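Given the sequences, and given the hints that come with them, work out the whole structure.
Chains as they are written, first to last, in our numbering: chain A, 4 to 481; chain B, 4 to 481; chain C, 4 to 481; chain D, 4 to 481.
These are computed hints drawn from the structure, not numbers from a lab.
Warning: the hint list may mix true and false statements.
One copy or two, either will do: identical chains are not told apart, so a pair holds if it fits within one copy or between any two.
[Claimed, not checked] Pairs of lysine to any residue residues, derived as SDA-like cross-links and limited to a Cα-Cα distance of at most 25 Å, are as follows: (1) 340 / 324; (2) 244 / 479; (3) 481 / 327; (4) 40 / 465; (5) 342 / 476; (6) 331 / 342; (7) 331 / 477; (8) 331 / 296; (9) 31 / 407; (10) 331 / 292; (11) 342 / 92; (12) 458 / 237; (13) 340 / 320; (14) 342 / 62; (15) 244 / 328; (16) 348 / 253; (17) 380 / 132; (18) 31 / 458; (19) 452 / 215; (20) 128 / 111; (21) 331 / 409; (22) 380 / 253; (23) 340 / 296; (24) 56 / 455; (25) 458 / 52; (26) 481 / 119.
Bear in mind the structure is a predicted one, so any value in this text is a computation, not a measurement.
There are 4 protein chains.
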Amino acid sequence: MKALLTLGACALCLASLTAHAQETDTEKAAARDVIRKMADLEQSLDVPGLVAKLTGADAGRDAVVARTKELMDKELLTMADDIATHPEIGFTEKRSVAKLTDYLKAHNFDVEIGVANLPTAFVAKYRGSSGAPNLGVVVEYDALRGTSGPFHGDQHSAQGPVGLAAAVAMSEFLSRTHTPGSVTVFGTPGEEMMPPVAKADMHAAHAFDGMDIIVRSHSSSVTSRPAPGFGSCCMNIDGVKYTFSGAPAHQLTSWNGRNALEGVIHLFNNIDAVRSSIRPEARIQGVITDGGAAPNVTPDRTAADFYIRYPDEVYLAQVTEFVDNAAKAAALATGTKVKIDHYGKDRDGVNEGALAELSFAYMKKYGATNVQAQPGKPQGFEETGTVSRDIPGIGISAQSSLAPNHTYEMNADNLKEIGHTGFTIDAETMTAILFDFATHPEYRVAVKKEFDGLKALFGEYQAALKKTYTSPVVSEPK
Amino acid sequence: MKALLTLGACALCLASLTAHAQETDTEKAAARDVIRKMADLEQSLDVPGLVAKLTGADAGRDAVVARTKELMDKELLTMADDIATHPEIGFTEKRSVAKLTDYLKAHNFDVEIGVANLPTAFVAKYRGSSGAPNLGVVVEYDALRGTSGPFHGDQHSAQGPVGLAAAVAMSEFLSRTHTPGSVTVFGTPGEEMMPPVAKADMHAAHAFDGMDIIVRSHSSSVTSRPAPGFGSCCMNIDGVKYTFSGAPAHQLTSWNGRNALEGVIHLFNNIDAVRSSIRPEARIQGVITDGGAAPNVTPDRTAADFYIRYPDEVYLAQVTEFVDNAAKAAALATGTKVKIDHYGKDRDGVNEGALAELSFAYMKKYGATNVQAQPGKPQGFEETGTVSRDIPGIGISAQSSLAPNHTYEMNADNLKEIGHTGFTIDAETMTAILFDFATHPEYRVAVKKEFDGLKALFGEYQAALKKTYTSPVVSEPK
Amino acid sequence: MKALLTLGACALCLASLTAHAQETDTEKAAARDVIRKMADLEQSLDVPGLVAKLTGADAGRDAVVARTKELMDKELLTMADDIATHPEIGFTEKRSVAKLTDYLKAHNFDVEIGVANLPTAFVAKYRGSSGAPNLGVVVEYDALRGTSGPFHGDQHSAQGPVGLAAAVAMSEFLSRTHTPGSVTVFGTPGEEMMPPVAKADMHAAHAFDGMDIIVRSHSSSVTSRPAPGFGSCCMNIDGVKYTFSGAPAHQLTSWNGRNALEGVIHLFNNIDAVRSSIRPEARIQGVITDGGAAPNVTPDRTAADFYIRYPDEVYLAQVTEFVDNAAKAAALATGTKVKIDHYGKDRDGVNEGALAELSFAYMKKYGATNVQAQPGKPQGFEETGTVSRDIPGIGISAQSSLAPNHTYEMNADNLKEIGHTGFTIDAETMTAILFDFATHPEYRVAVKKEFDGLKALFGEYQAALKKTYTSPVVSEPK
Amino acid sequence: MKALLTLGACALCLASLTAHAQETDTEKAAARDVIRKMADLEQSLDVPGLVAKLTGADAGRDAVVARTKELMDKELLTMADDIATHPEIGFTEKRSVAKLTDYLKAHNFDVEIGVANLPTAFVAKYRGSSGAPNLGVVVEYDALRGTSGPFHGDQHSAQGPVGLAAAVAMSEFLSRTHTPGSVTVFGTPGEEMMPPVAKADMHAAHAFDGMDIIVRSHSSSVTSRPAPGFGSCCMNIDGVKYTFSGAPAHQLTSWNGRNALEGVIHLFNNIDAVRSSIRPEARIQGVITDGGAAPNVTPDRTAADFYIRYPDEVYLAQVTEFVDNAAKAAALATGTKVKIDHYGKDRDGVNEGALAELSFAYMKKYGATNVQAQPGKPQGFEETGTVSRDIPGIGISAQSSLAPNHTYEMNADNLKEIGHTGFTIDAETMTAILFDFATHPEYRVAVKKEFDGLKALFGEYQAALKKTYTSPVVSEPK
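Shown next as structure tokens:
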């Protein structure tokens, strides 16, 4: 569904990459050029060679990884269980943050709670750090909203303990061995909710500045890694809220009012009117969050919340303009007023094969199950696409459940062996990657080269799309 | 706005009675016949003569009225202030009901709390009662929902104390003088809300059975009385709720779902489509009470709440059928399902001039202010029209505020002299009417005759309308 | 349905005059003031006295009326039959115009065919005229569009011969007796169609300038006259055409186009959306005159034609603004463009009781049948309201058919005795009025005084309405 | 855009075949099985070997082909020019049919004009025919509708002469050499229009029964052939007309009518409402062919014409049901009635590689220009898909213009060398294929085997799709 651009084992995929968003020859040519250059870039890196070398025997690495496992077994799986059984939804995760930051403080981290106006965000820096490379660990802790209360059906409960295990083990190693390098843990709240878009806001507040790599783990029912390239799981998204105001009146003399419910209804009608005038890959869906108070009073306030999606952000801008115009037209037609709030956005992220393939190799090495041979869609290590465009990194996904994400079954697996095993492998893999990144300068160079190359090609692709997506010429009515 | 049919001082009104709902000659003839017969009926009653005789000097009446005033001054205005400052919205009026029923119990009434599945409804019968005539007093006590909490902007807070003063004074009188007659107080909750429609439910549960007259008071910024006839303040109303179900799906594959929000939106669109095919006196307005949960999931449940109004209930049935068809069509078009719940209705009530003109004369006698010379629209003594069609009665409205109903200003007047004065006049007038009704058999006969006559004419008018409101013939498409 | 303001026998009507458009006290007061002043004006004129005096014995008048009858009997009923059996629809009435103007030329009229860019309009002035008063006769001749071709179901076929009879007889009289006065016949095409609005265009081109009175006849199934005042049969009307342009595309790639059919459809939807926000007396109806060419090409041109009506032109402006905004919003929402063409309008006309009551008296005197005792709604002597606001006049309607207007039955009556008799009475009445106007200076003064007075009151009423019809205040969305 | 299933040089295409219509794993599996079996079938036929053998030296074939060229040069290019300069639109092609059938009669064909109720369809059988194989030649002759009259912008003008040249040359050869075989020419009118769908109607009337092969030519700006498999250029199509009837009423009392324009408008609105509930490959587009007569009368008849398209006919049935329900719901909501007329359909056709590759080889051999190396989408030899599912055949497309189809430029090329050259190559290729088919039994067997195999796989694919396209379960509203 995504206009993802990827490279890797999936040679046959190349043709289909452009199947969805690209219709015209110009569009296809734009994509083709970028794909070719991307193939050249990957070839030049020899990722398989790098991975083979790094995953070879290394006693230093093995010791740090063993310390990670020890922390998990002794303390942090218990903490994961505890958070799993005390779920808190986004932006209210006070107890969870306290648990995590208390642990970090106890392990020699300076902690700042409350970042970028987010009270449950935090940044924790190891006190004994010594300069670059700057190693970042992102952890999450918000629960899902279930019909009978919050629950950890996406296993964010374990992300904190996993990240803490790797961060503490690596910090101890760097400090003990006087290896240059600093570890920072980032607590990012409310992954499941927007607004606010926590990571984007933290990034805008420069919280991640200076990081050379960022790692994160996430629950999964398969062990997999993304292909190198740029993309996202679920298209580029604009989150927009439309609020209409009218004038109240008694139902018996409704002409003395202006009906804000008609306003919001015709927002939906106007969108439906142009669905055929928008490329079929678009996904526009909304809900009415305020549909009026009482039937005997003309509604004077209503609101709707929309997610607007398209495979690329260039045409997405056109789609969102259609929706904004639908709202303005609805207000004009109904004599109401509308406020448009672009409250959040998700964008394509960038993924480096040098990091992804290494994570894949380590997960297999540490015993990960249900391994998916082919790389998945390219996507950044975090869901907003904003951080992964600026800083290289990798999200680690060893199997930690038998059930799909966002299920009560996955929540139950939090406390079972499949969960505990997967979380531990995530922590070990995270540690190994950070170890290699900190101790192998040539690996850092390769990651940086790939990241810079992909970022440049992403810009090139977007520039080509901008030229391509022209608007039809509407002549004057006669 | 109402197809009210009335008689009285407003001779010029006759022509305009039929101005709104009646368009065709047939319709006008139907109304004309009824108006003529109604004029004959009123002529035969000599209401002015009755009123003049009853309001003349009567020491017995004056004593009971004085006792009413004493109760108000000593205890019940204080209770009114207390209820006004402890507002409770419909169907939660526990504290208010306790205050009222405690007082009634203390004054020798048997009290049953919880009637017709309404926990805050009550029926209180005087223990010393002795047969017919059965005198009913309706009291209300629910507050309005304000943006900053409940408030008594419609002064229902005083209705209980007013009714209690009259009920206690009359009971004492009947008992003391061994005059035949029984007093019952009806506590009817949630006047401002439906569903449930409290009085209709209580009536269906036979709570009011056997009453010969029912009285009630209501706050007002003018001192007025309705014209004899049938009608309502605000048209006949059907309250209907439409609930749509669809099938959920992720936004990315919305074709695997069915969108219940589109269902409810097209309910509104379908209604708008036929507004020109419905007589312009109709008032159809709704709100969306459930507009979907989250923009990334195809909404699978939505709901709307409608008030459908028309001057008469005969054509109203056609209007409501239009709206029901709009809902069924919306479901058919969107592949969703709809449940239709006709949860409540208000209908034309019947008003007897013999009671209304007497109440008007007494209110003036006891010093009511801002007197409106012309009678207002005919309407029953309660807002549902169901009770007043079966039992004669009168609603008493002496000025009790300088502000319109449903305002914070009227709430403030609860505690001021204008409120206290108006409530006291209401109580005195209510007492005087009940006294006359209990002690003057010829007055009871006149009220009964008028009630029976109007009821018959109402049926005649509705039968005539049924013949008149035909549907257009739609030919087969070719 | 009209906010007509009238005076006359219908004293009871006064109250109901304001029943429809006026809701607020301010509105009612505005109307009440004007009605009172209008009553004073009419009182001051003593129209009944005037009529009694003028319709008394007058040999001179009788001779001219006899000449009119002679012309009808000998030649002009034959011409009416001929035009009735050669129907021509609006703006194509070449043959009819030739018949009429040939006759006028033969009777000493100078004829100019083609006025105000209307090829079948004409102005014919009697050659022997001598100054004021200037007597205008309006004639029409367009047929209706029937499903099986044009037909004279509104009997415009006879209007020309009727007007010619009166014009020729009066011209001969004025010339022969050297009475000051001039006769002009105005041929006005296409009464049944707009655009163009023939009389408005001719008036704008100054064709009617200088007339002191204008007379016209019209077919009817009753003999009637309008009440004095201002109004129209069928509300004030704006005729507006909306043309949408989009961008064509093949159906398979419709996103390369912009769909003009969606544009015009949402014009209708947007209007439906605000029907409850517009006073219920409004009537807005349209048709889609161009709905796209072929289903496999995205429609790039569509059009709709609307009649927008309201009882007064002040609020009508608000209604038309709603509809224009509906069109602009539809274009904005669909990415199309719209052209708005306000192609025509009908407005309230002014009617003088001094002329109407005289015409009524003469029609009865000359034997008119099916006489309607009460005056009808006030309305000008022509349907656009533009000429009758500037020049006094009267439309004459003796019964000329047993059938309603615009029927095949009325067409058949063209050739029957009922038609011939009615047309002849129209011609006689027209002659008698022109005779009285030309020969009684005091009557001219009365007509002028009434006309000026009504015109001033009309302005006053409109000014009051302008203050009254405020727009609701819509607050900023929060 | 099509769910075409193909085989051939385009190995990479295999993956993308299923990219559009197949979303679920079940769908993909269904397609994968069929593709694999199709590959096996094609492998087993050794089409390249067959083609190489047949296109080798053959003096007999060369003589017949030479005769074809002679007929073109001497007479039939002149006839093509004549038809090109006397364009006639679909179902009115009397002159063109006369030209073609006169020629056929003169060359010993029995001609029947008027087939399947189509006055300009014809069937012409060679008098000297002798049994199987039955060789069919389809010719077309309808012009396009241009803004300034009919024109041959799709070069159907030449199809008749091309087909006649091949038919006459082959008939002469079979007859002269007593080779078994019969030639029949089918004149099929109105290719550009539906309804009626000429070829489907002729097929239903058994006009094509008994044919062993059918050939046809078509203009093109490239020389190409379709891949083997099943598909169509432009999706499966349902053509449906919706006619609404209401009840007329005057605009002033529109509630006495039912508005058929609201009916047809809400057909469109209802379709727009479910666009997100239908798979995005669908294409639904309509026009309003009757949008009401006049704005002052409630429209009582309206109509719309739709093309409904989907890549496969299985899901198309669901899409068309959505549209039919949209119409029924629009009627229900607006109190109107609707008539639904499924007037025509286009379906996937079947294409045999054994015929397509041979045609491609001969076109190149005879000098065709602008050769497209890759086979195009699979599609039958005629546009309805009904005939090509029952009878093997091939459409021949040598370059005959520099311009795209349906252009004035392609019309101009009718008379130029590029047109004449292309038409001649079409005729030569058609002759060579018919010669090989008639004279090489093993080739007939191969074509038959491929046809039967593809047809069976087509059925298998459709059966698999039927299992796959389930409808969502909508629960009862609560």
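A quick look at each hint next to the structure:
Taking CA atoms no more than 25 Å apart as the test, residue 340 paired with residue 324 passes in both settings, with 17 Å inside one copy and 16 Å between copies. With identical chains, the CA atoms of residue 244 and residue 479 are at most 25 Å apart between copies only, with a shortest distance of 15 Å across copies and 33 Å within one. Only between protomers do residue 481 and residue 327 lie at most 25 Å apart by alpha-carbon distance; the minimum there is 17 Å, versus 27 Å within a single protomer. Proximity of residue 40 and residue 465 under a CA criterion of 25 Å is satisfied intra-copy only: 14 Å inside one chain copy versus 41 Å between copies.
Taking the shortest alpha-carbon separations for residue 342 and residue 476, only the inter-copy value of 16 Å comes in at or below 25 Å, while the best intra-copy value is 29 Å. Taking the shortest alpha-carbon separations for residue 331 and residue 342, both the intra-copy value of 9 Å and the inter-copy value of 19 Å come in at or below 25 Å. Taking the shortest alpha-carbon separations for residue 331 and residue 477, both the intra-copy value of 20 Å and the inter-copy value of 15 Å come in at or below 25 Å. When the C-alpha separation of residue 331 and residue 296 is checked against a cutoff of 25 Å, the pair qualifies both within a copy, at 23 Å, and between copies, at 24 Å.
In this assembly of identical chains, the alpha carbons of residue 31 and residue 407 lie at most 25 Å apart only when taken from different copies (21 Å versus 35 Å within one copy). For a Cα distance limit of 25 Å, the shortest separation of residue 331 from residue 292 qualifies both inside one copy, at 18 Å, and across copies, at 24 Å. With identical chains, the CA atoms of residue 342 and residue 92 are never at most 25 Å apart, being 28 Å at best within one copy and 33 Å at best between copies. Proximity of residue 458 and residue 237 under a CA criterion of 25 Å is satisfied intra-copy only: 20 Å inside one chain copy versus 38 Å between copies.
Proximity of residue 340 to residue 320 under the C-alpha cut-off of 25 Å is found in both arrangements, the shortest distances being 23 Å within a copy and 21 Å between copies. For the homomeric pair residue 342 and residue 62, neither the shortest alpha-carbon distance inside one copy (60 Å) nor that between copies (68 Å) is at most 25 Å. For a Cα distance limit of 25 Å, the shortest separation of residue 244 from residue 328 qualifies both inside one copy, at 13 Å, and across copies, at 24 Å. In this assembly of identical chains, the alpha carbons of residue 348 and residue 253 lie at most 25 Å apart only when taken from different copies (18 Å versus 39 Å within one copy).
For the homomeric pair residue 380 and residue 132, neither the shortest alpha-carbon distance inside one copy (35 Å) nor that between copies (63 Å) is at most 25 Å. When the C-alpha separation of residue 31 and residue 458 is checked against a cutoff of 25 Å, the pair qualifies only within one copy, where the shortest distance is 20 Å, while the shortest distance between copies is 34 Å. Taking the shortest alpha-carbon separations for residue 452 and residue 215, only the intra-copy value of 12 Å comes in at or below 25 Å, while the best inter-copy value is 64 Å. With identical chains, the CA atoms of residue 128 and residue 111 are at most 25 Å apart within one copy only, with a shortest distance of 9 Å there and 77 Å across copies.
Within a single copy, residue 331 and residue 409 get their C-alpha atoms no closer than 36 Å, and across copies no closer than 34 Å, so neither meets the 25 Å cut-off. In this assembly of identical chains, residue 380 and residue 253 lie within 25 Å of each other by CA distance solely across copies; the values are 18 Å between and 55 Å within a copy. Taking identical chains as interchangeable, the C-alpha atoms of residue 340 and residue 296 lie at most 25 Å apart whether they share a chain (18 Å) or sit on different chains (24 Å). Taking the closest pair of Cα atoms, residue 56 and residue 455 come within 25 Å of each other only inside a single copy of the chain (23 Å); across copies the shortest separation is 57 Å, beyond that limit.
Taking the closest pair of Cα atoms, residue 458 and residue 52 come within 25 Å of each other only inside a single copy of the chain (23 Å); across copies the shortest separation is 50 Å, beyond that limit. Within a single copy, residue 481 and residue 119 get their C-alpha atoms only as close as 54 Å, which misses the 25 Å cut-off; across copies the closest is 24 Å, which meets it.
When held up to the earlier numbered hints, the structure conflicts with 11, 14, 17, 21 and fits the remainder.
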